[in-house]
Amino acid sequence: MFSTIPHNESSPSPAPIDEKTVSISVQDVKKTFSQYAFGLRTFLTKRHVEAVQGMSFDMHPGEMVGLLGPNGAGKTTLLKIMSTLVYPSSGCVRFFGEDVRTDPIAARGMIGFITCDERSFYWRLTGRDNLRFFASLYGLSAEESDLRIADLLDALNLSYAADQRFDTYSSGMKQSLAIARGLLKNPRIVLYDEPTRSLDPLSQHNVRHLIQENRRRFPEQTHLLATHNLVEAEQLCDRIIIIVKGRIVTQGTVDEVREYFKKENSSHVVVIGSPKSDYATSLAAIDRVIHVEALGTTETTQTIRITADTAGEGLSRALEQIIGTGARVLQCDTDLMSLDEIFRAVAQPQSGYEATADQGV
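Position in the sequence shown (first residue = 1) + 47 = my numbering.
It should be emphasised that the hints constitute simulated quantities derived from the structure, not laboratory data.
Owing to the predicted nature of the structure, the values given are computational and were not obtained by experimental measurement.
Backbone N, C-alpha and C fix where the C-beta goes; we use that ideal spot for every residue, glycine too.
Please note that a few of the clues may not be correct.
Here are the simulated PhoX-like cross-link-like pairs (lysine-lysine), alpha carbons at most 20 Å apart as the crow flies [unchecked claim]:
1. K232 to K221
2. K127 to K292
3. K77 to K232
4. K232 to K292
Taking CB as the label site, the calculated pair distances span [as the list claims (entries may be wrong)]:
5. D193 to A153: 25 to 31 Å
6. A153 to D247: 24 to 30 Å
7. R212 to Q378: 54 to 60 Å
8. R364 to N204: 49 to 55 Å
9. Y134 to N233: 25 to 31 Å
10. D75 to Q211: 19 to 25 Å
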């Protein structure tokens, strides 16, 4: 089931997932780094950092999955393992059944890796010549590469700067060129490491639109998006995986994850006919009403926020009491739990949610 959360940009229209085909399989992947540092009493100390701790998940052709987590959660390390840049300490990653460690050349031929690393470009070449160089490495013909490059530069609003040297580009322009390079060969799997991190709002919109259009044109592509932009993940992704300290703490569609972590509902209620009533005090005493806050009053109306249990009994009782006073309810809107609230809930142990590595929805 795909998320149907409304947003301002056009929703993606991916092909139905073929449950029989697994494009990406991550099985119990772990990665431990050794770090050396000078201590106060010893010249050199060594410690082990577990960047990835037993992650497992599958993806199917046509899916786009968002990989969310705070800084240091292990997102980039996992993407580097998947792109054969880093070996896992244990576990394995398979693309269409092929182990990326035993056959890294075949794995690299399947993926487009979009990263913010500017050092991999040739700074004295123009943007267009950089893309031509990488297109030749991918085995594209001159005619095919020029058509594809023109298409991508136009979609990313970089055509005007295509023949300028790369070292004259702004950070946002460099990132846009990295996205063009990652999509250049139309790979079967696309890995994104924060693709819109350095972009202004308009460029972010253009990149998201390009990703959506690319999914429509190539519906069998598999996309894994590591991002800090929660709105972006909600707009683009069919599923999300939230990781903390190298472990998966929850995964599923946004609606499924929201439902799983939802503890309470917050409703905006506009009351007409009794603007002077102290609802903040009287309604707060009702069983299963957690909190009541007055938001504003006019001569004839009062707006209040009622936070109640998810079952709806607290809100129902509060509305009954309001109507019992002779007032009328003009409006009642219940807020959905935002992805940002979900993220904070699972990323902060003090939030009260006991998230574990095998949690899922």
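Verification of the supplied hints:
1. K232 to K221: Answer holds: K232 to K221 is near 19 Å, not above 20 Å.
2. K127 to K292: The given pair, whose Cα atoms are some 16 Å apart, holds under the 20 Å limit.
3. K77 to K232: The hint is violated at about 30 Å.
4. K232 to K292: Given that 20 Å is the threshold and the Cα spacing comes to 34 Å, the pair is violated.
5. D193 to A153: 25 to 31 Å: The hinted range 25 to 31 Å holds for D193 and A153, with Cβ atoms some 27 Å apart.
6. A153 to D247: 24 to 30 Å: For D247 against A153, whose Cβ atoms are near 38 Å apart, the range 24 to 30 Å is violated.
7. R212 to Q378: 54 to 60 Å: Given about 57 Å between the Cβ atoms, the range holds.
8. R364 to N204: 49 to 55 Å: Cβ of R364 to Cβ of N204: about 54 Å, so the range 49 to 55 Å holds.
9. Y134 to N233: 25 to 31 Å: holds (28 Å)
10. D75 to Q211: 19 to 25 Å: violated (47 Å)
The structure fails to meet hints 3, 4, 6 and 10 from the earlier list, while all remaining hints are met.
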